[in-house]
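Protein chains: 2
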Amino acid sequence: MNNTRVLLKRRTGGIPQEQDFELVDAATDRPAAGELLCETLYLSLDPYLRGRISGRHISGAINVGDLMGGEAVNRVIESKSDRFRQGDIIAAHSGWQSHPVVRADAARQVNPELGPLSTLLGILGMPGLTAYAGMTRLAGLKADDTVVVSAASGPVGSMVGQIARRKGCRIVGIAGSAEKCRWTVEQAGFDRGINYKTETLRDSLKRACPDGIDVYFDNVGGDTLQACMEQLAFGARVILCGLIAQYNTNEMPPGPNPAFIIKARATVRGLVVYDHEDLRPEFEQQVSRWLKQGEICYREDCVEGLEHAPALFCRLMRGENFGKAIVNVQGTDFKSVP
Amino acid sequence: MNNTRVLLKRRTGGIPQEQDFELVDAATDRPAAGELLCETLYLSLDPYLRGRISGRHISGAINVGDLMGGEAVNRVIESKSDRFRQGDIIAAHSGWQSHPVVRADAARQVNPELGPLSTLLGILGMPGLTAYAGMTRLAGLKADDTVVVSAASGPVGSMVGQIARRKGCRIVGIAGSAEKCRWTVEQAGFDRGINYKTETLRDSLKRACPDGIDVYFDNVGGDTLQACMEQLAFGARVILCGLIAQYNTNEMPPGPNPAFIIKARATVRGLVVYDHEDLRPEFEQQVSRWLKQGEICYREDCVEGLEHAPALFCRLMRGENFGKAIVNVQGTDFKSVP
Numbered sequence: 001m002n003n004t005r006v007l008l009k010r011r012t013g014g015i016p017q018e019q020d021f022e023l024v025d026a027a028t029d030r031p032a033a034g035e036l037l038c039e040t041l042y043l044s045l046d047p048y049l050r051g052r053i054s055g056r057h058i059s060g061a062i063n064v065g066d067l068m069g070g071e072a073v074n075r076v077i078e079s080k081s082d083r084f085r086q087g088d089i090i091a092a093h094s095g096w097q098s099h100p101v102v103r104a105d106a107a108r109q110v111n112p113e114l115g116p117l118s119t120l121l122g123i124l125g126m127p128g129l130t131a132y133a134g135m136t137r138l139a140g141l142k143a144d145d146t147v148v149v150s151a152a153s154g155p156v157g158s159m160v161g162q163i164a165r166r167k168g169c170r171i172v173g174i175a176g177s178a179e180k181c182r183w184t185v186e187q188a189g190f191d192r193g194i195n196y197k198t199e200t201l202r203d204s205l206k207r208a209c210p211d212g213i214d215v216y217f218d219n220v221g222g223d224t225l226q227a228c229m230e231q232l233a234f235g236a237r238v239i240l241c242g243l244i245a246q247y248n249t250n251e252m253p254p255g256p257n258p259a260f261i262i263k264a265r266a267t268v269r270g271l272v273v274y275d276h277e278d279l280r281p282e283f284e285q286q287v288s289r290w291l292k293q294g295e296i297c298y299r300e301d302c303v304e305g306l307e308h309a310p311a312l313f314c315r316l317m318r319g320e321n322f323g324k325a326i327v328n329v330q331g332t333d334f335k336s337v338p
Numbered sequence: 001m002n003n004t005r006v007l008l009k010r011r012t013g014g015i016p017q018e019q020d021f022e023l024v025d026a027a028t029d030r031p032a033a034g035e036l037l038c039e040t041l042y043l044s045l046d047p048y049l050r051g052r053i054s055g056r057h058i059s060g061a062i063n064v065g066d067l068m069g070g071e072a073v074n075r076v077i078e079s080k081s082d083r084f085r086q087g088d089i090i091a092a093h094s095g096w097q098s099h100p101v102v103r104a105d106a107a108r109q110v111n112p113e114l115g116p117l118s119t120l121l122g123i124l125g126m127p128g129l130t131a132y133a134g135m136t137r138l139a140g141l142k143a144d145d146t147v148v149v150s151a152a153s154g155p156v157g158s159m160v161g162q163i164a165r166r167k168g169c170r171i172v173g174i175a176g177s178a179e180k181c182r183w184t185v186e187q188a189g190f191d192r193g194i195n196y197k198t199e200t201l202r203d204s205l206k207r208a209c210p211d212g213i214d215v216y217f218d219n220v221g222g223d224t225l226q227a228c229m230e231q232l233a234f235g236a237r238v239i240l241c242g243l244i245a246q247y248n249t250n251e252m253p254p255g256p257n258p259a260f261i262i263k264a265r266a267t268v269r270g271l272v273v274y275d276h277e278d279l280r281p282e283f284e285q286q287v288s289r290w291l292k293q294g295e296i297c298y299r300e301d302c303v304e305g306l307e308h309a310p311a312l313f314c315r316l317m318r319g320e321n322f323g324k325a326i327v328n329v330q331g332t333d334f335k336s337v338p
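Residue numbers (this note's numbering), protein chains in the order written: chain A, 1 to 338; chain B, 1 to 338.
The following block holds chain A by itself, in its conformation from the complex (with noise of 0.2 Å):
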């Protein structure tokens, strides 16, 4: 039993080729004590793992070399760990490999009877508790507030808009193809999307905010981010949380002026999901019932194999994904417990 690996082989400006990824095949590793060697079910790509490439995300550095990170949902093979029996379902940091040997102290236990596995990467995963603690901690959510959000058709941006839904607010998404914007309307239920692409989104933007932006939830930073904060509405609130408009360069680009801010009296915060891991269990019992009741929907960009992860995150990086970015690593459906 082989482990297949992804390691990044150079690192470039600008948004990533396939050819920066390596597979390699080696043998795989035997889990000493404290130890789990795991099988790789799905695999998370997400878009910080471009600016760890840079060597500027929270979580560290990836250098040429390097297995690539990332998180997966994992089954155990073997367990020298009484934490965790051979079978178990876990969530690790593993990064992209299919024969991972974790430390059980790194591995979280989750319980695969929330909703499909893949979902525990996604919208029951890292970035729907992103979007879970933006709306219901930071928010500060109000039942007439129109609220905006960017990669409104990503797993962050789509279940901002299905929370704040939830709770009465007019929702107007902003994506990239007409076919996003309209998943957003017809299956998540936003009031409106906007085509960044093709549309002049300040226009737009008034035409669908004629009273101004309550809240915007900001994934993606650049003039986006910009257009929102002129129109904010008074007393609006603004989360920042991605900066995809900027991860592929290599400068920090200037932003918003001051100005916008102190107008609308708003109150803008930045948001890092590690700080809200207190509101998980919370977050996965609603999310689970929500998703079971079959009152949330969301939407999977999956490709089957390790070999097809390179070429599924420089989509991601190019905005060519359509839903949550998902490597279905050993080829199966997993998506009953297997």
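Rather than coming from a laboratory, the hints here were simulated on the basis of the structure.
The structure presented is a predicted model; accordingly, all values stated were derived computationally and were not measured.
It cannot be assumed that every hint is accurate.
A pair counts as met if it fits within one copy or between any two copies, since identical chains are not told apart.
As the list claims (entries may be wrong) - Result set (DSBU-like, lysine-lysine): computed pairs, CA atoms no more than 35 Å apart in a straight line:
1) K142 to K167
2) K9 to K263
3) K142 to K263
4) K142 to K292
5) K263 to K206
6) K206 to K142
7) K9 to K197
8) K9 to K80
Please build the complex by placing chain B on the supplied structure of chain A, with the hints as guidance.
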């Protein structure tokens, strides 16, 4: 009895010049029913007026030919309202004129027992209330916070620091001359004054705030804001209050990259004093007591006679004033109740 008035003569870009203003004499208006004829005792000059000249301030534009605006402490000479009597001291936005006629419902009775009359425009007036609202309502101030404030020797900045000092915080002031820095430390009790004109701001901030900045109260924007955002501590609070650095430009220059807010999990809020009028009674009582007990100090940059208002305003906009810019309009000492 003539009414001497100062009008805006021309609108130029950049820092205002004395020639932009015109002194004119006219007969004093007669008060109609509900109005008060006053003599202006002290006139406040404030940086926000520059924004009104540009037509960009929320309190409305001052156009060429208009009376220059601004708040003043006035004495009622003749009252056509039952709300005020001759001899009453009022505050009103009556502008740069010696004998205004003011609508009684736009005048605010002031208590001349609170402190010297000129301070009702400074430490006991709008700038003081600005600092008080920011520090007591928005800053979430804790005793071990490191607080940084720009324009530190001005009426807002010096009050921000002194309120924080009373709470037990470490205070670092940023100002534009050695004399101003010395005053903030020796008189106002700041722990450190940074002269941004002669020191390397980022290095000095690092030395003064080795654990980062917990609270930054920003009166200036521009590069000072940028430098402070780069050094925020985890959970920092930033209060955006003034943008002196951009008042003299016609552009909206960009601001700091949002990544600094995310990294620090900072909360950034816009402060406009008009929203906090409800705090005024508490504020006046508190600050008056501190003032009488000699626990806080203030500094005024005072000229005598309206004809000197343009020069003082231009100095203010060049950052060459030192303390609250005040015009003693009648040229007599009204520090005690006349």
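Tell me, in ascending order, the numbers of any earlier hints that this structure violates. Result: no hint breaks.
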